[in-house]
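Chemist: Spelled out, the chains give:
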Amino acid sequence: MKALEQVLSRIKELPPFPLVVLKVWELIGKEAPFKEIAQVVELDEGLTSEILKIANSPFFGLKRKISSVQEAVVYLGEKYLLEIVTRSASKRYYQSAHEGYELQRGELWKHSVACALASEALNKRLNQKSDHVLFTAALLHDIGKIVLNSFVKEAFHEIIKRVKGGLTFVEAEREVLGIDHAEIGGQIAKRWNFPEEIIDAIQYHHEPRKGGPYARKVHVCNVLCSSLGIGAGLDELYERFDSELLKELSLNRRDVMALLFDLYQLYEKTQSLFSMEMGYGV
Amino acid sequence: MKLKVVGIGEFQTSNDPEDILVTYSLGSCVAVVVYEPFTRVGGMLHFMLPDSEINLEKARKKPGVFADTGIPLLLQSCKALGADLKKLQVKLVGGAELLSSSDFFMIGKRNLTAARKILWQNGLLIKAQEVGGQVNRTVSLEIATGKVLVKIPGEGVKEI
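Same order as they appear, the protein sequences are chains A and B.
Using the working numbering, the first residue of the first sequence is number 1, and each one after it goes up by one.
Using the working numbering, the first residue of the second sequence is number 1, and each one after it goes up by one.
Simulated from the structure, these hints should not be mistaken for laboratory data.
Being a predicted model, the structure only gives us computed values, none of them experimental.
Mixed in with the good hints there might be a few duds.
Said to hold, decoys possible - Computed list of lysine to any residue pairs in SDA-like fashion (alpha-carbon distance at most 20 Å, straight line):
(1) A/210 <-> B/99
(2) A/269 <-> B/24
(3) A/153 <-> B/135
(4) A/190 <-> A/25
(5) B/151 <-> A/105
Based on the provided sequences and hints, a complete structural model is requested.
Modeler: Here is the structure:
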C-alpha cells in the first residue's frame with residue numbers, strides 16, 4: 001500500500017530523540033546518584049538552558065537565581081528535574097498544528113502533558129510512587145499522530161464515514177490507511193531506542209489488553225484527559241474505553257471522580273508552563 | 001466585541017451587550033448556558049463533575065467544578081445582575097461519552113443527570129440542548145442577542 005510506505009518513510013525522517021535524555025533515563029533506572037545525572041544533563045547545552053529557564057520562571061517562584069543543573073536539583077528536587085528534562089526533549093516534536101485531528105498548535109502538547117499529569121495523579125491515588133517510565137509513556141503516547149496527521153487530513157472523509165458507522169477513530173485509521181497512530185508511535189519509540197515498556201505502552205494505549213501494565217495505565221490516563229476535553233480534538237472521544245481496567249486497579253466510581261478532580265488541579269497549576277514551552281512568552 | 005473565556009470549573013455572567021461568553025472543548029463536562037431576554041443578562045458555567053461531596057473543602061474554593069455548587073452560584077450571579085430567574089432560558093451543552101465497555105464510567109451522563117435535577121429543583125426547564133455522543137463541543141453565548149452557537153470538530157457550527 002502506497003500510503004503505508006510513505007508513512008513508514010516519514011518515521012525515518014523524524015529527528016532522533018536526544019541521546020542525553022536516554023542516558024538520563026538509563027541512569028535513573030540504575031538509581032545512579034543524582035549528581036552524576038546532573039552532569040550528564042549539563043553536557044547538552046540546549047537542554048541545560050531550557051531547564052534553567054523553567055527553573056527560574058514564575059511557576060516555581062524561587063527567590064534566588066538558579067544557574068546550574070546541580071542547583072536546580074537542589075531547589076526543585078529530582079522528580080521535577082527529571083520531568084522537565086523529558087518534557088523539554090519531547091516538546092520539540094509537538095510544535096505544529098495537527099489539522100487531521102482538528103488540533104490547533106499546542107493542543108496535542110497540552111493533551112500529552114495532561115496525560116503525563118494524569119499518570120502522576122493515578123499513581124498517587126493508587127498509593128504508588130511516582131514512576132518515570134509511566135510519565136514518559138503517557139507524555140509520548142500520541143507521538144504517532146505527528147506522523148499520521150497529514151495522512152489523516154488527506155483521507156479525512158473516508159475516516160469520518162467509518163467513525164460515523166461505528167468504528168473507533170483508531171480502527172478507522174487502520175482500515176483506511178493500513179496503520180494507526182498507536183502502532184506508528186510504537187515504531188517511532190523503537191527507532192528512538194526507548195525501553196521496551198514504553199514502546200509497549202505507546203503501541204497498545206488503545207488496545208490495553210494486548211499490552212502490559214503500563215499500556216493499561218496509559219489507556220486510563222488518556223481517557224481521563226479526553227473526557228475533560230483536554231486537547232481532545234476530533235478523534236479522542238471516538239474511543240472504546242475499557243472501563244473494567246478501573247475496577248482492576250481497585251478504583252471505585254468515587255475514586256475516578258476524585259481522580260478527575262486531581263488531574264484538573266494539576267493541569268490548572270501547570271498552565272503557565274505550557275505557554276512558555278510553546279514559546280508564547282512567559 | 002469582547003470574548004470572555006470560561007475555563008474548566010469556572011462561570012461568568014454579563015449584561016454587557018459587547019460580550020461573548022465562550023467555553024472550549026467540552027468533553028464529558030457540561031456547559032450550562034442561561035439567558036434572560038428582557039434584561040439581557042446571560043451566563044455560562046463549565047462544570048466537570050456532578051457532586052461536590054467528593055471533596056467538600058476543594059468545592060468551597062472551586063465551586064464551579066461541580067454541578068451542585070456551580071449551578072446555584074450561576075443563578076445567583078444572574079440575579080445579582082438584575083435577571084428575573086423565572087424568565088431564564090436554559091440550554092445544556094456537552095456531556096459527551098466515550099464508547100465504553102460498561103456504564104461504570106459514564107461521567108457525561110451523570111453530569112447531565114445532575115444538571116437536569118438541579119435545574120428542575122430551581123424551577124427551570126431546559127429550552128434546548130446539544131448533548132451526549134462522542135464529540136467534543138465549543139459553545140458561545142452572545143449577550144446582545146442570546147444567540148448560542150455550538151461548534152463540533154468535523155461537523156461545523158450550529159445554533160441551538
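Chemist: State for each hint whether it applies.
Modeler: Status of each hint after checking the structure:
1. Only pairs whose Cα atoms come within 20 Å are accepted, and residue 210 of chain A paired with residue 99 of chain B is accepted, the gap being roughly 19 Å.
2. Of the supplied pair hints, the one linking residue 269 of chain A and residue 24 of chain B holds, its CA atoms being roughly 18 Å apart against a limit of 20 Å.
3. Distance hint between residue 153 of chain A and residue 135 of chain B is fulfilled; the C-alpha atoms sit about 18 Å from each other, no more than 20 Å.
4. Proximity of residue 190 of chain A to residue 25 of chain A is assessed by CA-CA distance (about 15 Å); at most 20 Å being required, the pair is judged to hold.
5. Simply put, residue 151 of chain B and residue 105 of chain A have alpha-carbon atoms about 18 Å apart, close enough for the 20 Å limit, and the pair holds.
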